[in-house]
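K.L.:
Anchor point for the sequence shown: position 123 equals 156 in this note's numbering, and the numbering is continuous, going up by one each time.
Simulated from the structure, these hints should not be mistaken for laboratory data. This one's a predicted model, so the numbers in the text were calculated from it and none came from an experiment. All C-beta atoms in this analysis are idealised placements derived from N, C-alpha and C, irrespective of residue type, glycine included. Mixed in with the good hints there might be a few duds.
[Said to hold, decoys possible] Quick list of the computed label-pair ranges, beta carbon to beta carbon:
#, residue 1, residue 2, range
1, L106, E307, 31 to 39 Å
2, W261, E116, 39 to 47 Å
3, D356, H249, 18 to 26 Å
4, W261, A336, 29 to 37 Å
5, P400, K363, 22 to 30 Å
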Amino acid sequence: MAPLDAYASRNGRLVAGRGLHALPAEQLSTVSAHLEEYIMAGPLLQTCGLSQQEVREGLRFWVELGDVLISNLGFPGRDKLNEIQRMRIYHYYLPVYFWCRKQLERHRRDDPTGRPLVIGMSAPQGCGKTTLVEELQALFAYTEDRAAVFSVDDCYLTFQEQQALAVNSNGNRLLELRGNAGSHDLQLGSDTLLALQETTSADKQVTLPRYDKSKHQGRGDRADPAVWPTLKGPISVVLFEGWMLGFAPVSQEAAAQVDPDLVAVNEYLAGYREQWDRFVDSWLVVKVDDPQNVYQWRLQAEAMMKASGKAGMSEAQVADFVDRYMPAYKAYLPGLYTKGPTTAQPGKLLVVAVDRNRGLVPQQPPPIM
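When you get a sec, could you build the whole thing from the sequences and use the hints?
P.N.:
Written out as structure tokens, the structure reads:
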């Protein structure tokens, strides 16, 4: 295999594919027996459609890709991992990656046009979505498939447009600031997704929009297009992620019962299926046992920002920020978890349940379709 050209990930880290035949056979044999047993005990394996035979025959790949993750995440060597780190790699990230790989192989069989597979990832804020997406992107790059990451957060309205939305919404607190349905530029998102689908060869490229959340004292604004990154083709996979991706509207009566301000948000949400969700080929849903965990996760994120010398929100500001998302979680997560995202199809949906520590729950939910 020829090495893949280094690519710039969302956080600027450079990763290069190195081929999948570097691990010596004698090194593999020293870890294979115990690792196979450990992998097979993982709660996601059956959900991801992975058999013991597949694991055994592909154990070299598990070891080598696991080492890629260990390096990327700054973990100690393979034999020095603690249980949390070990579970994260061999029970969580790698099974999800191999599920995505199966989806890509199926997509390539079913769609001869060469357009990339679009994986929609729906996960609440703070549950580990960003890290998971970055590592999936890195693993695809390592195996010589270029993956583009596109976030709904980069499709927010401009600062002026958001101000106009707030004024025209007559004091609706859920539309006062960015976040909920209605605060996104749907056309920008659909144009970008279409452009990504068409980036199928080396002579094509796509520019990805970016949003700067630090502008206007944290109110945010769209970044200058001059700094938007450009990704060259061919693109094999699009990882399209967002906290509310795949949410289905409820009745206006149900929305009003959750929060009167949610009625307008619910109306806006009706347009997201046709504008965005229709592009998604396969869905990955990270299910949380309690949406209230988002408060704690956000506090942890702010503490890390402050520790790094950056400005962060106070506890009161965090509470106000997260409060604006809770009505949507209350109204839409039950449907997402029982029926799946709006455009989900049988065999093309993976639901991964995590606990408040962002680790897998021992008993994963059964398939919902």
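K.L.:
Each hint: holds or not?
P.N.:
Against the structure, the hints:
1. Between L106 and E307 the CB atoms are about 38 Å apart, so this pair conforms to the stated range of 31 to 39 Å.
2. A hinted range of 39 to 47 Å for the beta carbons of W261 and E116 is consistent with their spacing of about 41 Å.
3. For D356 paired with H249, a C-beta distance near 21 Å keeps the hint of 18 to 26 Å intact.
4. The hint said 29 to 37 Å for the Cβ distance between W261 and A336, and at roughly 30 Å that hint holds.
5. In this structure the hint that P400 and K363 lie 22 to 30 Å apart at CB holds, the actual value being about 25 Å.
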